Amino acid sequence: MTASELSSILLMQGFSGLSLFSVLLLMALGLAIIFGQMGVVNLAHGEFMALGAYVVYLCSTVVHDKFPAFAPYYFVVAIVIAFGVCALMGLLVEWSLIRFLYKRPLDTLLATWGLSLVMQQAFRSIFGAREVTPTLPEWLMGSIKPTGNIDIPINGLFVMGLTLVLTAGVWLFMFKSRRGLQMRATVQNRVMSDAVGINTRMVDRFTFALGCGIAGVAGAAFTTIGSTGPDSGSRYIVDTFLVVVFGGTASLMGTVASAFGIAQGQSISEFFLQGTMGKVVVLLAIVIILMIRPQGLFASKVRQ
Amino acid sequence: MTAAGFLSSSQPLFAANPPTSEVNTTGLAVTDDTVTVGQLHSATGTMAISETGSIQAEQLAIEQINAMGGVLGRKIKIIVEDGASDWPTFAEKAKKLLVNDKVASVFGCWTSASRKAVLPVFEKENGMLYYPTFYEGLEQSKNVIYTGQEATQQILAGLDWIAKEKKAKTFYLIGSDYIWPRTSNKIARKHIENVLKGTVVGEEYYALGHTQFGSLINKIKLKKPDVIYAIVVGGSNVSFYKQMKAAGITSDKWTLLTISVTEDEVLGIGGENLVGFYSAMKYFQSLENPNNQAFVKAFKAKYGAKSVIGDVTQAAYLGPWLWKLAVEKAGSFDIDKIAAASPGIEFKDAPEEYVKIHPNHHLWSKLRIGKWGADGQAKVLYESGLIEPDPFPKGYQ
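Residue numbers (our numbering), protein chains in the order written: chain A, 6 to 309; chain B, 2 to 398.
The set of hints was computed from the structure by calculation and includes no laboratory data.
None of these values were measured; they are calculated from a predicted model.
Check the hints yourself; a few may be wrong.
[Claimed, not checked] As a list, the in silico PhoX-like pairs of lysine-lysine whose alpha-carbon atoms are at most 25 Å apart:
hint, chain 1, residue 1, chain 2, residue 2
1, B, K225, A, K150
2, B, K224, A, K150
3, B, K76, B, K103
4, B, K165, B, K395
[Unchecked claim] Listed next, with one range per pair, are the computed distances between beta-carbon atoms:
hint, chain 1, residue 1, chain 2, residue 2, range
5, B, T171, A, P142, 32 to 38 Å
6, B, A299, A, F277, 48 to 54 Å
7, A, P73, B, F393, 51 to 57 Å
8, B, K167, A, W144, 30 to 36 Å
9, A, P73, B, A302, 26 to 32 Å
10, A, S101, B, A299, 46 to 52 Å
11, A, F75, B, K167, 40 to 46 Å
12, A, S130, B, S287, 31 to 37 Å
13, B, S287, A, P151, 37 to 43 Å
Built from N, CA and C at the ideal position, the CB exists for glycine as well.
Okay, chain A solo, but in the shape it has when bound (with noise of 0.2 Å):
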């Protein structure tokens, strides 16, 4: 083991701690806006990750059926075909659901997961009890090569690019545009903002609609990592809710905070550690900081 390989390997490491936090900040991007602004709990958020994966192998099928002379491309627009639909979906689950359970938020927990339950079945009975893959472009599945030790995996960059994209876009939409500074005006004092003249009728199932969303956008960038089965949402929920609980609720710093603590964390334990033992180290660490700040890593100062 020479020093110039040893190098490669901790460089590497370094990027597969990288790669996680996008992965997390990515699945957790699109609860904290519904958890944080709305104050609703989305148990179906991985449903609609998974939602979005679908989209993407239907995507894949068409094309690659009718269309081949389009598959290097199709991946780019069936991440903006499954935004589409997730949001449509949740534009539904809010008008259909959501909106009258704004007072009781044990409900919205109880109702949500119901639809999770709908949702996976209808997964399951669509689309068959076998995970799916999409066929991926050649070009998204590579590695780049620096140097010969070196392999960067060309799907991690990419889930890194649209992460990083996918949260500059969220926060400037916050905290530079109109719609945000309503969104946010609402999450403070909602008696208020409509009293000056805000709909917040309007700005709730417009959230709601942003955060399911970039669910699915999460989910369609997660099928060049693995593959989507009916039950895929229920695995990625525990480490959504994870993120978003640890980061403090209310704050997208937060959330990335945590993601990244926890991307980390997790990372290097793996390394030294053992596969599962890595997890619960961090998972342990976790137990105790909440123990010691409940209210998450970034509390935000909400007027209760």
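Chain B: place on chain A using the hints.
Showing chain B alone in chain A's frame:
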């Protein structure tokens, strides 16, 4: 009815069909022209992915047996129950099949957890279970016929082959975190250290459903094992092999041997992510013998040209046939008589070529090494002789 009429209708039937009172002494669901069996797999839930193939293969076998005239002249009827990937449900449904439906045998279960859940029911109610999955061993029951391989049949010969063929000395053991991978790796480690005189440079487990293998892959690169020995299952498999490929761990520089990837899993992983890696199984769809060619043809005719057949699917197909042979040998549907008649039964039409039931209720079977191609099919490179099943291997526990 005239005497002539009586003779023409029942006399030939009588010759083929022994009377029910003679073949059914214990109150099973057997009539003069039918016999009812149960099928107990997960058609829903996480395990449905894996168990669908077994369900299909068993139904195909039963259909073929019925087309040949059934068992002791009786057509087989199936009662299908869904274990729903939930172990208590398996136990409940097993009890229902045995106590209420009085089925003459049950084809079912897939995970060890479901088998462990139904085992006490089968022993108490005296039923007969044909269990298809390769598994960790350390079990033997009068009421179960294990048609898959126990651990030593799958692991030892495979390791011997790879050590000889690749001059391998160092091994990295990886598994999903539950009983089968852990027990299998324990056996593998003993064999590597005590028999092959090699070293295990790493052994670790990841939770079922784990999708991020970056740290693991870096550790593999750091330790540079001669062989990566992987027992990753379920959805994790797809992430594992995709990330390995993206990180440059491909067959041109690395050797990987797995006992958890069959044609079924390759469907999800994608053949292009596995090219040149090896699986140790007793059956591959590509086997070139007449039994298998007929089996593959019949399977595809029934379930579509795109369907694939993995190791467990084939083992599940053996179940109904072995039961038929046992009933015919015993001349009775009685569970005790079948259990006693089973050892020594040979099935020469098996797609895997030939199997024989051992007194310990497992099968003598071969071990084959397949090398995966981009089309998702394996090329068989090596075939052992028939290996004696040994569910309680000495020196490996």
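*Beta-carbon spacing of A:F75 to B:K167 - inside the hinted bounds 40 to 46 Å or not*: holds (42 Å)
_Between the alpha carbons of B:K165 and B:K395, is the straight-line distance 25 Å or under?_
Holds, at about 23 Å.
*Could you say whether the range 30 to 36 Å given as a hint is met by the Cβ separation of B:K167 and A:W144?*
With a Cβ separation near 33 Å, B:K167 and A:W144 satisfy 30 to 36 Å, so the hint holds.
*B:K225 and A:K150: Cα distance at most 25 Å?*
holds (19 Å)
_Does A:K150 sit within 25 Å of B:K224, going by the straight-line distance between their CA atoms?_
Holds, because 20 Å separates the two Cα atoms, which is no more than 25 Å.
*Do A:P73 and B:A302 keep their Cβ atoms within the hinted range of 26 to 32 Å?*
holds (29 Å)
*asked:* Against the range 46 to 52 Å, how does the distance between the Cβ atoms of A:S101 and B:A299 compare: consistent or not?
replied: holds (48 Å)
*State, for the Cβ atoms of B:T171 and A:P142, whether the hinted interval 32 to 38 Å holds or is violated.*
For A:P142 against B:T171, whose Cβ atoms are near 36 Å apart, the range 32 to 38 Å holds.
*Does the Cβ-Cβ separation between A:P73 and B:F393 fall within 51 to 57 Å?*
holds (55 Å)
*For the range 48 to 54 Å, tell me whether the beta carbons of B:A299 and A:F277 fit it or not.*
holds (53 Å)
*Please test the hint of 37 to 43 Å on the beta carbon pair from B:S287 and A:P151.*
holds (40 Å)
*Determine whether the Cβ-Cβ distance between A:S130 and B:S287 falls within the hinted range of 31 to 37 Å.*
holds (33 Å)
Against the hints set out earlier in the document, no violation occurs for any number.
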